[in-house]
Amino acid sequence: MYSTKYVKAKDLSIAASIVTDAEDGKFLAGGMTLIPTMKQRLASPDCLVDLAGCGLTGIEDEGATIRIGAMSRHVDVAESAVIQREIPAIAGLASQIGDRQVRNRGTIGGSLANNDPSACYPSALLGLGGTIHTQNRSIVAEDFLTGMFETDLDEEEIIIAISFPKPDKAAYVKFPNPASRYAMVGVFVAKFPDEVRVAVTGAGEDGVFRASNLEAALNENFNAEAIVDGSVSSDDLMSDIHASAEYRAHLIGEMTRRAVVACE
Amino acid sequence: MTNISMNVNGNGLTHEVPDNTLLVTFLRETLGLTGTHVGCDTSQCGACIVHLNGESVKSCSLFAAQVDGAEVTTIEGIANGDKLHPMQLAFHENHGLQCGFCTPGMVMSAIELVTKNKDLTEREIREGLEGNICRCTGYHNIVKSIQDAAVKMS
Ligand code: FES
Ligand code: FES
Numbered sequence: 001m002y003s004t005k006y007v008k009a010k011d012l013s014i015a016a017s018i019v020t021d022a023e024d025g026k027f028l029a030g031g032m033t034l035i036p037t038m039k040q041r042l043a044s045p046d047c048l049v050d051l052a053g054c055g056l057t058g059i060e061d062e063g064a065t066i067r068i069g070a071m072s073r074h075v076d077v078a079e080s081a082v083i084q085r086e087i088p089a090i091a092g093l094a095s096q097i098g099d100r101q102v103r104n105r106g107t108i109g110g111s112l113a114n115n116d117p118s119a120c121y122p123s124a125l126l127g128l129g130g131t132i133h134t135q136n137r138s139i140v141a142e143d144f145l146t147g148m149f150e151t152d153l154d155e156e157e158i159i160i161a162i163s164f165p166k167p168d169k170a171a172y173v174k175f176p177n178p179a180s181r182y183a184m185v186g187v188f189v190a191k192f193p194d195e196v197r198v199a200v201t202g203a204g205e206d207g208v209f210r211a212s213n214l215e216a217a218l219n220e221n222f223n224a225e226a227i228v229d230g231s232v233s234s235d236d237l238m239s240d241i242h243a244s245a246e247y248r249a250h251l252i253g254e255m256t257r258r259a260v261v262a263c264e
Numbered sequence: 001m002t003n004i005s006m007n008v009n010g011n012g013l014t015h016e017v018p019d020n021t022l023l024v025t026f027l028r029e030t031l032g033l034t035g036t037h038v039g040c041d042t043s044q045c046g047a048c049i050v051h052l053n054g055e056s057v058k059s060c061s062l063f064a065a066q067v068d069g070a071e072v073t074t075i076e077g078i079a080n081g082d083k084l085h086p087m088q089l090a091f092h093e094n095h096g097l098q099c100g101f102c103t104p105g106m107v108m109s110a111i112e113l114v115t116k117n118k119d120l121t122e123r124e125i126r127e128g129l130e131g132n133i134c135r136c137t138g139y140h141n142i143v144k145s146i147q148d149a150a151v152k153m154s
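Protein chains in written order, with the numbering used here: chain S, 1 to 264; chain Y, 1 to 154.
Hints may contain errors.
[Stated by the list, open to error] Restraint-style ranges between C-beta atoms, simulated for each label pair:
id: 1; chain 1: S; residue 1: 242; chain 2: Y; residue 2: 71; range: 47 to 53 Å
id: 2; chain 1: S; residue 1: 177; chain 2: Y; residue 2: 29; range: 48 to 54 Å
id: 3; chain 1: S; residue 1: 223; chain 2: Y; residue 2: 123; range: 27 to 33 Å
id: 4; chain 1: Y; residue 1: 117; chain 2: S; residue 2: 205; range: 27 to 33 Å
id: 5; chain 1: Y; residue 1: 71; chain 2: S; residue 2: 228; range: 53 to 59 Å
[Claimed, not checked] Sample of chain S residues facing chain Y (criterion: CB under 7 Å; computed from the structure):
id: 6; residue: 95
id: 7; residue: 99
id: 8; residue: 166
id: 9; residue: 169
Everything labelled a hint here was simulated from the structure, so no lab data went into it. We treat Cβ as the ideally placed atom computed from N, Cα and C, and that holds for glycine.
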């Protein structure tokens with residue numbers, strides 16, 4: 001690994017100013033992507049600012065929404081009584097990320113800031129229509145997720161919390177890659193009083209996306225049978241050594257059916 | 001360089017390390033605790049698992065500096081003098097290892113599994129070992145060892 005400077009920031013404004021002043025500074029949350037990437041020399045930040053001392057934890061029930069501190073680890077989310085009660089789909093999603101050791105370190109804020117096209121959390125953010133809160137502003141999911149590994153965050157902007165509206169029902173079902181446990185396809189279905197939202201991760205060439213024709217079918221009839229074979233096109237889907245675009249299209253339909261069944 | 005203090009296997013210590021030192025490098029090369037292994041470059045194998053404040057983590061994917069002020073337990077720290085930890089004993093008695101390379105990580109992972117959930121089903125054990133790779137045993141005896149230890153530890 002290239003050499004780097006490590007700083008544990010005491011508060012957000014210190015953290016932001018260190019990254020602004022550095023040549024190529026990066027915020028460090030759980031490090032479960034960043035550190036392996038640095039080990040492979042695929043990233044070489046000259047300065048790492050650890051957010052662990054900035055107090056961005058805590059999970060709160062705010063009535064219509066749940067607010068999760070950005071440094072909440074996957075294990076915290078998976079085991080949170082509030083989340084299990086109010087939006088169990090998020091707890092379930094968190095309990096399937098990576099492996100236990102990754103869940104003991106990895107954070108929701110870090111995962112969303114990275115916006116990996118195969119990560120699970122972006123589908124919950126988009127599927128539920130959640131909001132990202134930074135030290136400066138609030139950003140709705142559609143504006144925040146701007147493409148594969150891309151978000152609307154400015155360089156010195158830090159996610160402090162994420163809020164998720166409570167749906168009537170929701171479920172997340174993924175087809176994990178057997179080695180990495182990343183989603184080869186993951187589908188988050190959320191049913192609200194006025195709409196059904198379907199967000200797909202692991203498959204889109206531009207990262208997570210909403211499957212509008214599946215949403216239309218489920219708005220009409222919230223039933224697994226509403227998803228007929230061939231209703232997902234393979235255009236704009238990823239094709240790689242793990243799966244072809246056609247196979248991913250098929251999995252999207254199947255994972256959506258399973259998620260709808262899991263909502264019942 | 002950063003000054004770090006931590007408690008490793010019950011001993012408080014302070015060291016100055018380069019900022020990019022991984023916890024596993026610190027344990028193995030600075031402290032000589034070579035029971036914690038490095039089996040991969042991709043954070044997948046789990047040979048490097050140690051406990052950080054009682055929870056299992058992959059020490060190859062953490063900077064030593066992040067762990068400042070924490071309590072770390074490695075495979076060297078779980079036996080009670082000459083008396084093996086029940087999990088170590090169970091691996092010994094159930095032939096839960098062949099070459100032994102993955103074993104320290106398996107044992108550390110398994111201790112957390114059993115401590116968090118006493119009534120583990122076989123499936124839960126297999127899923128709980130997602131972060132550990134063994135190239136020798138085919139896992140059957142590892143699972144058997146953990147089932148045996150779970151009974152003895154309860
Ligand atoms: S050496 Fe840490 S996971 Fe392989
Ligand atoms: S016993 Fe050889 S790798 Fe597990």
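Taking the hints in turn, this is what the structure says about them:
1. At about 39 Å, the CB distance of residue 242 of chain S to residue 71 of chain Y disagrees with the hint of 47 to 53 Å.
2. Remark: the range hint 48 to 54 Å for residue 177 of chain S to residue 29 of chain Y is contradicted by a beta-carbon distance near 33 Å.
3. Evaluation of the 27 to 33 Å hint for residue 223 of chain S and residue 123 of chain Y yields a pass: the beta carbon distance comes to about 30 Å.
4. In this structure, residue 117 of chain Y and residue 205 of chain S break the distance hint of 27 to 33 Å, their C-beta atoms being roughly 40 Å apart.
5. At about 56 Å, the CB distance of residue 71 of chain Y to residue 228 of chain S agrees with the hint of 53 to 59 Å.
6. Against a cut-off of 7 Å between C-beta atoms, the interface hint on residue 95 of chain S is violated, since the closest Cβ of chain Y lies about 10 Å away.
7. Nearest Cβ of chain Y to the Cβ of residue 99 of chain S: about 3 Å, under the 7 Å cut. The hint holds.
8. Below 7 Å, beta-carbon pairs count as interface contacts, and residue 166 of chain S has none with chain Y, the closest being about 28 Å; its hint is therefore violated.
9. The restraint placing residue 169 of chain S at the interface with chain Y is violated, with a minimum CB-CB distance near 25 Å, outside the 7 Å limit.
Against the hints set out earlier in the document, violations occur for numbers 1, 2, 4, 6, 8, 9.
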